[in-house]
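J.: Here are the chains, one letter per residue:
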Amino acid sequence: MAIFYVLLLFIIIAAIIAVETKNLLSSVICIGAIGFGGSLMFLFLRAPDIAITQVVVEVLGLIILIRATISRDLTFISGDREFFGMVVSVVIILAIFLAGMKVFDTSLPDFGSPIFTKVPEAASQTYIEQGLDKTGAANLVTSVILDYRAYDTLGEAAVLFTSIIGATVILRRKSRKRLEELD
Amino acid sequence: MAQKEDISNGTKGMTVIVKTIASWVKVLIFLFGIYIILFGHLTPGGGFAGGVILASSYVLLMLAFGRESVEENLPLPLASKLDCLGAFLFALIAILGFVFGGVFFVNFLVEKYGQPFELLSAGTIPLSNVAIGLKVCASLFLVILTLSMCCKDFRPGTPSDGKE
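Each protein sequence line maps, in turn, to chains A and B. Number 112 in our numbering belongs to position 112 of the first sequence; there are no gaps in the numbering. Number 212 in our numbering belongs to position 29 of the second sequence; there are no gaps in the numbering.
Hints should not be assumed to be uniformly reliable.
To spell it out: a stretch of chain B is covered by chain A in this simulated footprint if at least three of its residues, at any positions, have a beta carbon under 8 Å from a beta carbon of chain A; those stretches are [claimed, not checked]: (1) 217-228; (2) 303-314.
According to the in silico footprint, chain A covers these stretches of chain B (three or more CB under 8 Å from chain A) [what the hints assert, rightly or not]: (3) 200-209; (4) 271-283; (5) 323-329.
I should point out that these hints are in silico values taken from the structure, not numbers from a laboratory. These figures come from a predicted structure and were not determined experimentally. Idealized CB from N, CA, C, for every residue including glycine.
With the sequences and hints as input, model every part of the structure.
T.: Below, the structure written as C-alpha cells:
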C-alpha cells in the first residue's frame, strides 16, 4: 500500500510544478510524469489493459504537445496569476472535497478493492462467472468492452470519427487557402 | 530542438543517428502493434492500444524523416479511407449480429469456431479488435498529419526546420 502513497505524492508534486512553472516545455514534461505515474498505479492495481493504453496514449500526447510547444515562439509564460481568484477556487474545491469525504466515508469500498468483493449481486460477478463460456475470450476486459458493453465501444468509435472529421475539415490545406484568399 | 542543423546534407529530418535507429525500430514497433491487436482477446491490450502503437510508429517516422516521406508511404486520402473503412467494418459486424443473431451486436460467431485460449476463438471479438485498431491508427495518424501541416503553414515567415 505504501507504493500508492509514494506514487500519489509524485503525481501531486508533478501537477503543482506543471501549473506553477513558467517554462512551457517543463510544464509539458510534468504532465507526462503525471500520466506515467497514473499508469504505474493502474499496473499495481492489476489492470494491465488500462496501464498499456495509458502509457501509449501518454507517449503520443506528449509528442504532440512537445511539437506544439517547441514550434511556437512563445515558450515562457509571462505575467502573474491573480491571487484572489486562486484562493477562492482552492477554498471551493477543498470544501467540495471535504464534504465528499464526509458523505462517502462509509459506503465506498477501500482503495484497490473492487466493489464486487463487497456486493454479491454486482453485475461484474456475472461477467467473471460466465464471461469465458459465453464469449470465449480469455481476456475478460475485452469480452466486456466488445461483447457485453459493445454499445459503449461503438459510441467511443463514433466520437473519435466525428472529431477526426471536424479536425481534418478545419485544418486541411484547401480551406486554409480559401481563408487566405478572403483575407 | 537541438537537431535544427541538418547533418545529412540537404535531406529533411533529424540527424543520421536518429534516422538509423528509427529505421531499425519502426518494424519492431509496427509488429508489436499488430500483436497487441490480434491477441487482444487473449492477453492485455486490444484494438485501441494497438492502434495507438501503430500510429506512434508512423509518428516516429514523421519525426525522424520528415513529413514528406511519411506522406509517400501513407498519403492523407488513403489514411482517411482507412479511417472510414475501420468505422464501416465495426458497424458492419454489429449489423451482421442483427441479421444472423437477431440482436444488434450479438456475438453470432462464438459457437462456430475455436476453443477458448486459442488465437481463432471468441467469435466477433478479434474482428472488432482489428476494425477498431485500423480506425484508431488511421485517425490518430490523421490528427498528427493535419496538425503538422497547420504548424508549418501558419508561420510562413520562419524558415522551415524540416521536421514538421
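J.: All the hints need checking, so say for each whether the structure fits it.
T.: Hint check results:
Under a criterion of three residues with beta carbons nearer than 8 Å to beta carbons of chain A, the stated coverage of the segment 217-228 of chain B is upheld, 7 such residues being counted. By the rule of at least three residues with a Cβ nearer than 8 Å to a Cβ of chain A, the coverage given for the segment 303-314 of chain B holds, with 7 such residues. Residues of the segment 200-209 of chain B with a Cβ under 8 Å from some Cβ of chain A number 0, which does not satisfy the need for three, so the listed coverage is violated. Counting residues of the segment 271-283 of chain B whose CB lies closer than 8 Å to any CB of chain A gives 3, which reaches the minimum of 3, so the coverage claim holds.
With a cut-off of 8 Å between beta carbons, the segment 323-329 of chain B has 5 residues touching chain A; three or more are needed, and the interface restraint holds.
Figure legend: structure checked against the earlier numbered hints; the only hint not met is number 3.
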